[in-house]
Amino acid sequence: MAELLELENVWAGYGDAVILEAISFKLGEADSLALLGRNGMGKTTLLSTLMGATRFKSGRMRYQGQDLVVVPAHGRAQLGLGWVPQERDIFPSLTVEENLTVVARPGPWHLKRIYDLFPRLEERRANMGNQLSGGEQQMLAMARALMVNPKLLLLDEPLEGLAPLIVQELLRIIGQTVSSGEMAVILVEQHAHQILPLTRQALVLERGRVVFSGASETLRKDRTQLDKWLGVGAH
Amino acid sequence: MKTIDIIHDEHRALAAVLQALRFVVGEIRAGTLQVDFRLLTAMVDYITQVPEKVHHPKEDHYLFPRLRSRSPKAAALIEILEDQHIAGYCMTIDLLQALIHYQSVGAAGFAAFDALVQPYLDFNWQHLNQEEVELLPLAREVLSEQDWTEIDTAFAANFDPYAGAEGEFKELFGRIVNMTPAPYGLGPAG
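Protein chains in written order, with my numbering: chain A, 1 to 235; chain B, 236 to 425.
In case anyone wonders, no lab produced these hints; they're calculated from the structure. Please note that a few of the clues may not be correct.
[What the hints assert, rightly or not] Think about it this way: if two alpha-carbon atoms lie no more than 16 Å apart in a straight line, the pair counts; the simulated EDC-like pairs of lysine to aspartate or glutamate are:
id	chain 1	residue 1	chain 2	residue 2
1	A	Lys221	B	Asp240
2	B	Lys237	B	Asp382
3	A	Lys26	A	Glu3
4	B	Lys237	A	Glu3
5	A	Lys221	B	Glu314
6	A	Lys26	A	Glu87
7	A	Lys221	B	Asp387
8	B	Lys405	A	Asp116
9	A	Lys221	B	Glu376
10	A	Lys112	A	Glu98
11	B	Lys237	A	Glu98
Given these sequences and hints, build the entire structure.
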């Protein structure tokens, strides 16, 4: 698997505060990574760092062999980084279809394919962003990131706050996206048991440091460490 | 132990539909939601078909026999769970008949249907819980690597809880998600 992303000894944070310490990992093209940890351990900060939304202190971040640190935040989406933030950030005054087409870039993901994957969005294509339920907004946020035709998709707690029925449907769709092999995916979640079976690699953060980096399968079997790092209910 | 992932996954899918059923029936009872028989039928169809065609056969044919042969302690528990599989099926058929009656007579049929839903949900929560809390930890404890390899192979050859043999359960689950009113599903709030 060709290498897409490499972080080496990355330190980053907000203002003077250092949140991430000595983060290192590699991700291949079409690879998948579960980014795990309890609340406040630095998961979202790591995604924000990849998107250029934090203060980078030191280390190396290489994307497709080029230095990502020098690429401004607005240029990272153009490089193929698609971000679905926790806040979803959909455009409330645009219709569903406008939300999708306004960000579209050429590639295998186009409107028809998006509607095949999310039939609910096709039904709601003429509705405004602010007329959607929470589950529909999450689907739209994911669909919009796919319309960018990313090489690396970053999903930040996409299941948070959603009812179990919608969670199951989104998990199925995320599983399909991961297994399509068309992009690499970094998936942030607190509920390890739901995403470890979907991903190849896992990274566990504790207080901004990596405490586990390895195969998802290995972590999934290690119930003691799952309990220790993520709490009871992680498996 | 792919088997345990599959069982967890199927339990979550079933639990999600059961939770949505409780919500929908509660809203109808409260008068805040108009009955949608397409939705109720889809839900009852899912909780009838997926356990019977997908979930229970794997447990009954692969996991339970192997576990029974490895642990005398498991035998009593498995007997209880097997009885629950049969009782659960009978309850589902009763629920289905009550739904058909409700659909044919209209609002007058709701009380009989409603009276079956809560015991059905309680029964299933208890059953799922017993498998999660007692069965799976026991299986982890007593089954060998070789046992798991063989059971995993048999489980992997079976249908997944969303796809079914020809994708029918995936479509059914998707319809339930789309029709169930928000915030439990993606349908318009009652």
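Outcome of the hint check:
1. This hinted pair checks out: Lys221/A and Asp240/B have alpha carbons roughly 11 Å apart, not beyond 16 Å.
2. Of the supplied pair hints, the one linking Lys237/B and Asp382/B holds, its CA atoms being roughly 12 Å apart against a limit of 16 Å.
3. Proposed proximity of Lys26/A and Glu3/A is supported: the alpha carbons are some 7 Å apart, at most 16 Å.
4. In summary, the hint linking Lys237/B to Glu3/A is not supported, as the alpha carbons are separated by about 28 Å, beyond the 16 Å threshold.
5. For the suggested pair Lys221/A and Glu314/B, the alpha carbons sit about 28 Å apart, so the restraint of at most 16 Å is broken.
6. The suggested pairing of Lys26/A with Glu87/A is violated, with an alpha-carbon distance near 27 Å, which exceeds 16 Å.
7. At roughly 14 Å between alpha-carbon atoms, Lys221/A and Asp387/B fall within 16 Å of each other, so this suggested pair holds.
8. A C-alpha spacing of about 13 Å is found between Lys405/B and Asp116/A, which places the hinted pair at or below 16 Å, so the restraint holds.
9. Between the alpha carbons of Lys221/A and Glu376/B the distance comes to roughly 13 Å, so the proposed pair stays at or under 16 Å and holds.
10. Restraint check for Lys112/A and Glu98/A: the C-alpha separation of about 14 Å stays at or below 16 Å, so the hint holds.
11. A hinted pair counts as satisfied when its Cα atoms are at most 16 Å apart, and Lys237/B with Glu98/A does not qualify at roughly 41 Å.
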